[in-house]
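Asker: Straight run, no breaks: the sequence shown in UniProt numbering ends on number 406.
Keep in mind that the hints are not guaranteed to be accurate.
[To be verified] Computed spacing ranges between beta-carbons, pair by pair: (1) S242 to I86: 36 to 46 Å; (2) G279 to L342: 44 to 54 Å; (3) K126 to F24: 12 to 22 Å; (4) V90 to L201: 40 to 50 Å; (5) L201 to K231: 19 to 29 Å; (6) I92 to G146: 18 to 28 Å; (7) F252 to I86: 43 to 53 Å; (8) A250 to G146: 15 to 25 Å; (9) Q302 to N267: 31 to 41 Å.
[Claimed, not checked] Using 20 Å as the maximum straight-line C-alpha spacing, the simulated EDC-like pairs for lysine to aspartate or glutamate come out as follows: (10) K350 to E196; (11) K117 to E271; (12) K393 to D118.
Just so you know, these hints were derived from the structure itself, not from any lab.
We treat Cβ as the ideally placed atom computed from N, Cα and C, and that holds for glycine.
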Amino acid sequence: MSNIIKRKLDAQVNGLSALQQSSFSEQLYLFSFVVYLLASFVTSTMFGQLSTLVGPIAYYIIEFSAVLVIAKVAVFDGWEREKLIIFALVGIIFWQICKNSGELFYFYYYLFILGAKDVRFERIIKTFLVTIGSFLLVTIAASLLGVIDNLTYGRYMEATIRYALGTIYPTDLAARAFYLLLAYAMLRRFHFKLVEYVSCLAITIFIYAVTDTRLDFYLMLLILLIALFYKYVVRLLEYLGSKLTAVILALFVFINIFLAYTFIPNNRFFEIANKVLSGRLTYGHLAFQNYNIPFFGQYVYQMGNGGVHKTPFQYFYIDSSFIRVLMMEGLLTFLALVGLLLLINHRFFKAHAYSLVIGMTLMILSSVIDQHLLELAFNVVFLGALADLSYWKQPFGLKTKSQLQA
1 MSNIIKRKLD
11 AQVNGLSALQ
21 QSSFSEQLYL
31 FSFVVYLLAS
41 FVTSTMFGQL
51 STLVGPIAYY
61 IIEFSAVLVI
71 AKVAVFDGWE
81 REKLIIFALV
91 GIIFWQICKN
101 SGELFYFYYY
111 LFILGAKDVR
121 FERIIKTFLV
131 TIGSFLLVTI
141 AASLLGVIDN
151 LTYGRYMEAT
161 IRYALGTIYP
171 TDLAARAFYL
181 LLAYAMLRRF
191 HFKLVEYVSC
201 LAITIFIYAV
211 TDTRLDFYLM
221 LLILLIALFY
231 KYVVRLLEYL
241 GSKLTAVILA
251 LFVFINIFLA
261 YTFIPNNRFF
271 EIANKVLSGR
281 LTYGHLAFQN
291 YNIPFFGQYV
301 YQMGNGGVHK
311 TPFQYFYIDS
321 SFIRVLMMEG
331 LLTFLALVGL
341 LLLINHRFFK
351 AHAYSLVIGM
361 TLMILSSVID
371 QHLLELAFNV
381 VFLGALADLS
391 YWKQPFGLKT
401 KSQLQA
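Take the sequences, apply the hints, and build the full model.
Answerer: This is the structure in structure tokens:
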């Protein structure tokens, strides 16, 4: 009898120890996530222009957050040694690719995807919302108080004035608002109360009035419409299923790339398509004309409108995320991205997490025009590849077992 009691006590102690270790590893990940978000956010605002020291300091802070995530993956996540070796080799390849292109945030996103294993995805999203939302408000306030520059822009042959409110360009501000609303909608599983509809609509109108950014305005309105007709959208997704949805989204991405590659100026069809895509076909086509598609990434010289320019410049910037990945990070990274999209699509469908499927779809729609797909300080959808999705498997409003234990 005493042996039985002892075994039960040992099992309870081991279970408690495992639970404490899991809680610590989750806290470690969320802490490193906050550190990364703050450092990355600062460099994409006018705070980054206050001193030449901001960039280097932010870089070392990001490196520190990366070390913490690597520690979680190696020590706490229970991966077999062989898999850890594979992760390390893949990481080295991605690091070199990112060094070739000059954009390292793809590599850091890779680390945070690995580190998200068994971390509750709803906690990741909440952390993202609080961190980015709070610091965005601080940035806006600082720009209005004159602490940092509030850059203003116009449109050619229009009287419109567009405000960046402390960010480096109005479209960046609009993109942040879109991704914050998308994250909130996924967390709420598109179940909004009346006060939420009114508040989100007011924010949407405000962002459009300030930035005059049509894409994010339409996408934010679409989020609200989907929330209104959520059950019908879910029925459509259930009808389509995982495979057909994946095919439709893949075709959408590849058609966008094909249109940019075959773009013909002064052609009526291409003019309409280019206007719908806010001129993205023009610069995507220029990228294909001036550069070959690399396998391991390459540096593409670009000069965008964001930030402060003291001299005249020739504008050239690849805004479309998918063309950007293909031309700068190379074919290998692009194929890895496609594979990642297929993985999260399958995983979200398998978990019946339809709000996450919708979030992934809206992310893809946005990324045809904007460049923030793989910028973690904007978009967290990919972290759902390995994170704990239990929250979305429960009826709305009920707590999961892990939430009750926390």
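Asker: State the violated hints by number, sorted upward, taking the hints as numbered earlier in the document.
Answerer: Hints 1, 2, 6, 7, 8, 9, 10, 11 not satisfied by this model.
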